[in-house]
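Put together the whole structure using the sequences plus the hints.
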Amino acid sequence: MVCGSVAPHQTTTRQLSAPADNRRDDLDGLRGVAIALVAVFHIWFGRVSGGVDVFLVLSGYFFGGMVLRGALTPGSSLSPLPHLRRLARRLLPALVVVLGVSALLTVFLQPETRWETFADQSLASLGYYQNWQLANSASDYLRAGEAISPLQHIWSMSVQGQFYIALLALTLVLTYTLRPILGTRLKPVLAAVLAALTIASFVYAIIIGSENQAAAYYNSFARAWELLVGVLAALFVSQLRLPVWARTVAATVGIVAILSCGVLIDGAQQFPGPWALVPVGATLLVIAAGSARTGAPVLPLRLLSARPFIMLGAIAYSLYLWHWPVLIFWMVHTGRNGVGLLEGLAVLAVSGLLAYLTTQFVENPLRYPRSDAHVPASVAPLWGRLLRPTLALGSAVALVAVALTVTSFGWREHVVLQRANGHELAQLPARDYPGARALTDGVRVPKLPMRPTVLEADDDVPASTTDGCISDFLNPAVVNCIYGDPDADRTIALAGGSHAEHWITALDMLGARHHFRVVTYLKMGCPLTTDLSPMIAISDDPYPQCHRWNQKVMAKLVADRPDYVFTTTTRPNLEGPGDVVPDGYLGIWDTFSSNGISMLGIRDTPWLIRQGWLRDPTDCLSRGGTATSCGVPRSTGLSEVNPTLALTAQYPLLHPLDLTDAVCNAEHCRVVEGNVLVYHDSHHLSATYMRTLADELGRQIAAATGWW
Numbered sequence: 001m002v003c004g005s006v007a008p009h010q011t012t013t014r015q016l017s018a019p020a021d022n023r024r025d026d027l028d029g030l031r032g033v034a035i036a037l038v039a040v041f042h043i044w045f046g047r048v049s050g051g052v053d054v055f056l057v058l059s060g061y062f063f064g065g066m067v068l069r070g071a072l073t074p075g076s077s078l079s080p081l082p083h084l085r086r087l088a089r090r091l092l093p094a095l096v097v098v099l100g101v102s103a104l105l106t107v108f109l110q111p112e113t114r115w116e117t118f119a120d121q122s123l124a125s126l127g128y129y130q131n132w133q134l135a136n137s138a139s140d141y142l143r144a145g146e147a148i149s150p151l152q153h154i155w156s157m158s159v160q161g162q163f164y165i166a167l168l169a170l171t172l173v174l175t176y177t178l179r180p181i182l183g184t185r186l187k188p189v190l191a192a193v194l195a196a197l198t199i200a201s202f203v204y205a206i207i208i209g210s211e212n213q214a215a216a217y218y219n220s221f222a223r224a225w226e227l228l229v230g231v232l233a234a235l236f237v238s239q240l241r242l243p244v245w246a247r248t249v250a251a252t253v254g255i256v257a258i259l260s261c262g263v264l265i266d267g268a269q270q271f272p273g274p275w276a277l278v279p280v281g282a283t284l285l286v287i288a289a290g291s292a293r294t295g296a297p298v299l300p301l302r303l304l305s306a307r308p309f310i311m312l313g314a315i316a317y318s319l320y321l322w323h324w325p326v327l328i329f330w331m332v333h334t335g336r337n338g339v340g341l342l343e344g345l346a347v348l349a350v351s352g353l354l355a356y357l358t359t360q361f362v363e364n365p366l367r368y369p370r371s372d373a374h375v376p377a378s379v380a381p382l383w384g385r386l387l388r389p390t391l392a393l394g395s396a397v398a399l400v401a402v403a404l405t406v407t408s409f410g411w412r413e414h415v416v417l418q419r420a421n422g423h424e425l426a427q428l429p430a431r432d433y434p435g436a437r438a439l440t441d442g443v444r445v446p447k448l449p450m451r452p453t454v455l456e457a458d459d460d461v462p463a464s465t466t467d468g469c470i471s472d473f474l475n476p477a478v479v480n481c482i483y484g485d486p487d488a489d490r491t492i493a494l495a496g497g498s499h500a501e502h503w504i505t506a507l508d509m510l511g512a513r514h515h516f517r518v519v520t521y522l523k524m525g526c527p528l529t530t531d532l533s534p535m536i537a538i539s540d541d542p543y544p545q546c547h548r549w550n551q552k553v554m555a556k557l558v559a560d561r562p563d564y565v566f567t568t569t570t571r572p573n574l575e576g577p578g579d580v581v582p583d584g585y586l587g588i589w590d591t592f593s594s595n596g597i598s599m600l601g602i603r604d605t606p607w608l609i610r611q612g613w614l615r616d617p618t619d620c621l622s623r624g625g626t627a628t629s630c631g632v633p634r635s636t637g638l639s640e641v642n643p644t645l646a647l648t649a650q651y652p653l654l655h656p657l658d659l660t661d662a663v664c665n666a667e668h669c670r671v672v673e674g675n676v677l678v679y680h681d682s683h684h685l686s687a688t689y690m691r692t693l694a695d696e697l698g699r700q701i702a703a704a705t706g707w708w
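In this text, residue positions in the sequence shown follow UniProt numbering: the first is 1, and each later residue adds one.
It should be emphasised that the hints constitute simulated quantities derived from the structure, not laboratory data.
Any given hint could be a false lead.
Computed Cβ-Cβ distance ranges for the label pairs, DEER-style [to be verified]:
| no. | residue 1 | residue 2 | range |
| --- | --- | --- | --- |
| 1 | D590 | L645 | 53 to 63 Å |
| 2 | A195 | L474 | 24 to 34 Å |
| 3 | A477 | L391 | 51 to 61 Å |
| 4 | V406 | F236 | 43 to 53 Å |
| 5 | T177 | S533 | 46 to 56 Å |
| 6 | G596 | L645 | 20 to 30 Å |
| 7 | F236 | Y176 | 21 to 31 Å |
| 8 | R85 | A396 | 13 to 23 Å |
| 9 | D590 | T626 | 22 to 32 Å |
| 10 | V189 | V406 | 42 to 52 Å |
We treat Cβ as the ideally placed atom computed from N, Cα and C, and that holds for glycine.
This is the structure:
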């Protein structure tokens with residue numbers, strides 16, 4: 001929930017002990033500013049503005065004030081049901097409407113390969129665990145693109161929804177247990193518990209952020225301190241007595257810091273760690289500057305209380321929900337990964353209109369179902385011209401939610417049934433599905449449907465992935481598994497990242513056939529390199545765990561002394577066409593050479609990069625693309641000569657292997673060869689195609705090793 005948990009003019013926007021008629025119009029305006037920053041930075045700059053962090057603090061302030069007020073009022077009810085009903089009326093109707101419209105647009109605009117992801121994220125959004133869905137997949141939400149889910153922004157609402165439930169439960173337990181004993185002395189105990197949790201969450205955010213920033217960004221406990229700071233503000237800010245000059249300075253500094261945060265700080269790489277103190281602290285300054293005991297609002301707060309900002313704040317929740325899917329679906333429609341000035345203004349205008357309509361015709365009627373006694377003044381004129389909330393409106397929203405849930409589960413089941421045929425892929429007739437042999441041997445290719453299909457491709461992965469034999473992004477351990485012939489005396493160590501891993505399918509076949517063991521030393525996204533700051537794929541996301549893992553794995557490889565280390569020797573050239581040998585690889589080769597360990601250096605297969613973005617072949621094929629149009633020109637993905645060859649004289653123990661002629665023809669790297677899907681995603685070969693590469697790989701390994 002982006003704009004707080006209750007109406008901006010209800011009692012929860014007051015200080016915890018403030019008079020009943022004290023409203024904070026400036027905080028409503030601050031919400032308007034924050035949502036504008038979020039939308040503008042998403043649409044035009046692809047950066048984190050800090051606006052979500054402002055929302056988190058305000059949500060903790062509003063909701064925490066409401067909950068704690070009940071806990072600290074003697075004789076008040078401790079039932080969480082009124083809070084839960086209020087949250088449901090406030091949050092779910094608009095969310096369901098946005099999800100319903102997004103589902104229809106997904107079906108009409110997106111290829112069917114995207115429907116499963118949408119179904120998963122739709123369920124995660126309705127269930128308020130979207131942030132964990134993204135944390136587990138380490139998705140890069142922060143950079144908008146036509147391949148990004150239209151629902152990924154709902155992670156922040158999931159964080160807040162989880163926080164509300166946790167805060168309600170904690171407050172209920174502490175109040176029920178301690179209020180009869182402590183009475184009016186309960187407040188210091190609550191404050192101490194909340195402060196301890198705030199510190200623990202902040203420390204945790206620092207620790208996990210240093211290990212995996214992408215996962216930390218979505219982690220509920222790493223984010224909790226930002227909301228807890230708002231709760232603590234609700235406990236204590238109302239007691240402040242600040243002079244006019246101090247309030248003016250606090251409000252000015254806070255507003256300027258919020259406005260400049262997205263420009264000065266790369267929140268995608270820094271939040272929710274220490275740098276998040278900037279938007280969080282700035283929001284606290286604005287809250288403190290308007291403390292109930294400090295007199296009339298100062299000029300900066302009067303500016304925030306201007307009607308345009310308040311009106312923007314009133315639709316902030318719906319605007320947050322709408323702006324991201326409108327942006328993503330526009331990119332899907334245009335096929336581009338960015339928008340210009342006029343396009344962005346159109347996206348913003350459409351999002352604002354949809355937000356206004358959703359607020360007036362869906363949110364408000366269901367938020368105020370009994371009377372117009374608590375209808376905000378800004379809503380009252382229109383409210384008077386509308387019918388009172390009806391059972392039909394609530395029923396319609398509920399039916400959409402049920403339909404979303406049923407269809408999401410139904411599509412997931414359909415995909416599961418489609419993939420159940422995947423066991424056939426290992427026994428496809430070579431005559432019908434020659435795969436790489438169509439390139440290497442020129443065999444005839446009959447006209448048959450491609451396998452794996454676009455829906456089977458996701459599961460057509462190496463056995464090491466399903467066996468858990470590759471360390472994930474967070475796991476620092478070196479995981480060894482044995483394939484091929486486990487009893488053989490000869491050993492090939494398969495080492496590096498997933499681009500080394502996808503060769504395990506062919507190596508396993510060859511090991512069993514020619515009697516050698518294949519031992520894995522693999523980590524996701526982590527090639528063997530001495531680079532101190534490796535990056536993940538083609539992004540700018542730092543990957544410090546990769547360097548630490550490389551230090552461990554190199555020590556183990558030197559100690560284990562395999563006959564050969566099989567690893568990749570090239571990467572795509574991100575500054576131009578072709579592929580290159582990264583400098584960090586040479587330090588690894590130096591270590592192997594000095595220890596007398598021979599290497600089988602496989603040239604990396606071309607990645608499907610277009611205009612700086614990885615393109616999924618199954619998406620492209622689902623949209624009606626061809627094997628050629630969904631691939632890349634050979635000259636784009638590969639240099640004319642294998643760059644590894646220039647270094648073989650310097651490294652005599654390095655034996656270069658190059659199977660690119662078994663993946664690409666003379667002009668193109670196509671995504672289908674010999675009726676077999678070459679890539680299961682934008683830069684990994686499918687396990688089925690890899691089986692058809694085994695003969696050619698075996699020929700080259702035999703020439704390098706002399707083993708057969």
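Hint check:
no.: 1; hint: D590 <-> L645: 53 to 63 Å; verdict: violated (18 Å)
no.: 2; hint: A195 <-> L474: 24 to 34 Å; verdict: holds (29 Å)
no.: 3; hint: A477 <-> L391: 51 to 61 Å; verdict: holds (57 Å)
no.: 4; hint: V406 <-> F236: 43 to 53 Å; verdict: holds (47 Å)
no.: 5; hint: T177 <-> S533: 46 to 56 Å; verdict: holds (49 Å)
no.: 6; hint: G596 <-> L645: 20 to 30 Å; verdict: holds (22 Å)
no.: 7; hint: F236 <-> Y176: 21 to 31 Å; verdict: holds (23 Å)
no.: 8; hint: R85 <-> A396: 13 to 23 Å; verdict: holds (19 Å)
no.: 9; hint: D590 <-> T626: 22 to 32 Å; verdict: violated (44 Å)
no.: 10; hint: V189 <-> V406: 42 to 52 Å; verdict: holds (46 Å)
Comparing the model with each numbered hint stated earlier shows that hints 1, 9 do not hold.
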